[in-house]
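Enquirer: Chain residues, written in single-letter form:
Number of protein chains: 2
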Amino acid sequence: MKIVPGDKLAQEIKQKLKDTIQTEEIHPKLVIIYAGENEASRIYVDKKIAWAKEVGISAELIRLTQTTTEELLKITKTLNEDAETSGYILQLPLPSNIDTYKVLENISPKKDVDGLNPISIGKLYHNQKDHLISATALAVLECLKYVAKYQDDNQYSVDEITQEADELLAEFLNEKNILLINHSILVGKPLTALLLQYKCTVTIAHKFTKPDRLGKLINDSDIIISATGQSGLINKDMVHDGQVLIDVGINKSAQKIGGDVDAKGMENLDIWLTPVPDGVGPVTVAMLLNNTVKAHIKGVV
Amino acid sequence: MKIVPGDKLAQEIKQKLKDTIQTEEIHPKLVIIYAGENEASRIYVDKKIAWAKEVGISAELIRLTQTTTEELLKITKTLNEDAETSGYILQLPLPSNIDTYKVLENISPKKDVDGLNPISIGKLYHNQKDHLISATALAVLECLKYVAKYQDDNQYSVDEITQEADELLAEFLNEKNILLINHSILVGKPLTALLLQYKCTVTIAHKFTKPDRLGKLINDSDIIISATGQSGLINKDMVHDGQVLIDVGINKSAQKIGGDVDAKGMENLDIWLTPVPDGVGPVTVAMLLNNTVKAHIKGVV
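Chains A and X, in that order, are what the protein sequence lines are. Okay, so the first sequence: first residue is 6 according to my numbering, each after it adds one. Okay, so the second sequence: first residue is 6 according to my numbering, each after it adds one.
Only chain A is shown next, with the shape it has when bound in the complex (with noise of 0.2 angstroms):
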């Protein structure tokens, strides 16, 4: 089993920003706005801010424990005209009582470093260029880089976001199978997109999925990305040599923090497996702080 190294490559795609942000002398900006109670939430909140701040990115925390959709969207439409804003993010999930999609289709699409704003879905759709994607989609591709480029020269070497490995990583996909056990906006439904331009075929399971189709389905597939937050959901009977798993699953128990794969008894097996903790959440961070400084870059009102 070889493991893909996130909090390295998390730690790469940071230096490389704090690199850019000083060299061009850019000021960008990113706003989190997070409302409600959800705990666990607080931490990937914290994360993301203490992150913007390490690379040179001004973090400003909107924290609403009560507000309405009404509040939400007077603070998107402040925050699409501010010219010092260069993106920002609903921490989700919100609260009930918010209309979620209503506020989404009002961040400006130049500002939805989140790439959750329905145009920015539907130009995803189309293959076009000029828009932002979901970070956790584009860890996933960063952590399917690292494996092409490792497969490359059997090292890796520091510059990750570059046009050959790029080339590499449409090489690795090229006629793959993929199995994506998530269709959410944030996950399952962006990477199927992105998959598509890379001429995978694609299966997308989800909770409706019956447990032996499923596991045929892992069973007949070349790369595993599963985000269900259901522990052990994989495990080492159900995978094989020459398979990559990309975990994007979160579940905590009171031991510990863990994902969708059980990797108990693969330890001999020549896979590949992003961990939990330390998998595809940093690079996630690290994508989100990348979709911001590409945000400013561009243009932001």
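Hint data in this document are derived by calculation from the structure and do not stem from the laboratory. Keep in mind it's a predicted model, so treat the numbers as computed, not measured. Wrong hints could be hidden among the right ones.
Copies of one chain are not kept apart here, so a pair can be met inside one copy or by any two copies together.
[Stated by the list, open to error] Straight-line distance between alpha carbons at most 20 angstroms, and here's what the computed EDC-like set of lysine to aspartate or glutamate pairs gives:
#1 Lys215 with Asp225
#2 Lys221 with Asp267
#3 Lys181 with Asp225
#4 Lys23 with Glu89
#5 Lys13 with Asp24
#6 Lys215 with Glu176
#7 Lys107 with Asp135
#8 Lys257 with Asp283
#9 Lys134 with Asp104
#10 Lys212 with Glu176
#11 Lys299 with Glu29
#12 Lys212 with Glu180
#13 Lys21 with Glu59
Got chain A; can you put chain X on it based on the hints?
Expert: Same frame as chain A, but now just chain X:
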């Protein structure tokens, strides 16, 4: 082998539209922009216009033999603002000198009766309901609805666009394994979003899927929706009892018009098939008219 009678379905949808238009005393109008010299398109354009008039929709053809992106953008602007026009489409493909995406992006989502504007696509992927959807994708669902309804009471009655039929379709599609052989923005992509809403597990294959893999996927699926234009892509040796084959392919030889499915030898199998011609094709035209009436009723400017 049981045949989905597309022609009959189309006639029933048309009759229903005719009744609505007369009862409601409305005057919907469909405009078709037909640019270039693609002769295959001509037949479709003529049929759309003829059928529109049959049901009481005014139909206007804007015929352009030579055009530019700028001219098309001017036309979309005029049509977007025209209170008489309920909906309009660009007959695709456009000539190669045209930036097709840029023109599609400028169709008002309210009049986008082919469902190709990025906002229409983005809303579809967000599981919203207040937008227009590709007529081809809707036609595929209508054909599946026919199968669902037939299986339920062993005979099909007229009133196919009803709440009850929708529930039967939902029950029929629930947990089904579906193979799409097409990943275009007109067919495969909207169908992916729709079928996920119906809790299907969806695989998207295309011309980059290797033949042996495609054979395996066809064998493994409950419903196969094929739109490649490749004659004989699916033959009797690849399918088995219990499957539904939706043939959206069209190809013309000197002798005849055919689809992706070679039905020879399938006669004794317990399968459903939409024939070509007279399957999904006429239902697509009927659903375009249905979209036009829907757009008209919702308000067009």
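Enquirer: Which holds for Lys221 with Asp267 at a C-alpha limit of 20 angstroms: within a copy, between copies, both or neither?
Expert: Result: close within a single copy only, 18 angstroms intra versus 28 angstroms inter.
Enquirer: I want to check one pair: Lys23 and Glu89. Are their C-alpha atoms no more than 20 angstroms apart within a copy, between two copies, both, or neither?
Expert: Within one copy, since 19 angstroms is at most 20 angstroms while 55 angstroms is not.
Enquirer: If the cut is 20 angstroms between Cα atoms, do Lys13 and Asp24 qualify within a copy, between copies, both or neither?
Expert: Intra 17 angstroms, inter 65 angstroms, cutoff 20 angstroms: intra-copy only.
Enquirer: Treating 20 angstroms as the Cα threshold, decide for Lys181 and Asp225: within, between, both or neither.
Expert: both (11 angstroms within a copy, 18 angstroms between copies)
Enquirer: Between copies, within a copy, both or neither: which fits Lys212 and Glu180 at Cα up to 20 angstroms?
Expert: between (26 angstroms within a copy, 10 angstroms between copies)
Enquirer: State whether the alpha carbon distance between Lys257 and Asp283 is at most 20 angstroms within one copy, between copies, both, or neither.
Expert: within (14 angstroms within a copy, 55 angstroms between copies)
Enquirer: 20 angstroms Cα cut-off: does Lys215 pair with Glu176 within a copy, between copies, both or neither?
Expert: between (32 angstroms within a copy, 15 angstroms between copies)
Enquirer: Within a copy, between copies, both or neither: which one fits Lys107 and Asp135 at a CA-CA cutoff of 20 angstroms?
Expert: between (23 angstroms within a copy, 12 angstroms between copies)
Enquirer: Please work out whether the CA atoms of Lys299 and Glu29 approach to 20 angstroms or closer within one copy, between two copies, in both situations, or in neither?
Expert: Answer is within; shortest intra-copy Cα gap is 12 angstroms, inter-copy 51 angstroms.
Enquirer: Treating 20 angstroms as the Cα threshold, decide for Lys215 and Asp225: within, between, both or neither.
Expert: Result: close both inside a copy and across copies, 15 angstroms intra and 14 angstroms inter.
Enquirer: Between Lys212 and Glu176, at a C-alpha cutoff of 20 angstroms, which is it: within one copy, between copies, both, or neither?
Expert: Between copies only: 16 angstroms across, 31 angstroms inside.
Enquirer: Between Lys134 and Asp104, at a C-alpha cutoff of 20 angstroms, which is it: within one copy, between copies, both, or neither?
Expert: between (29 angstroms within a copy, 14 angstroms between copies)
Hint compliance for this structure: no hint is broken.
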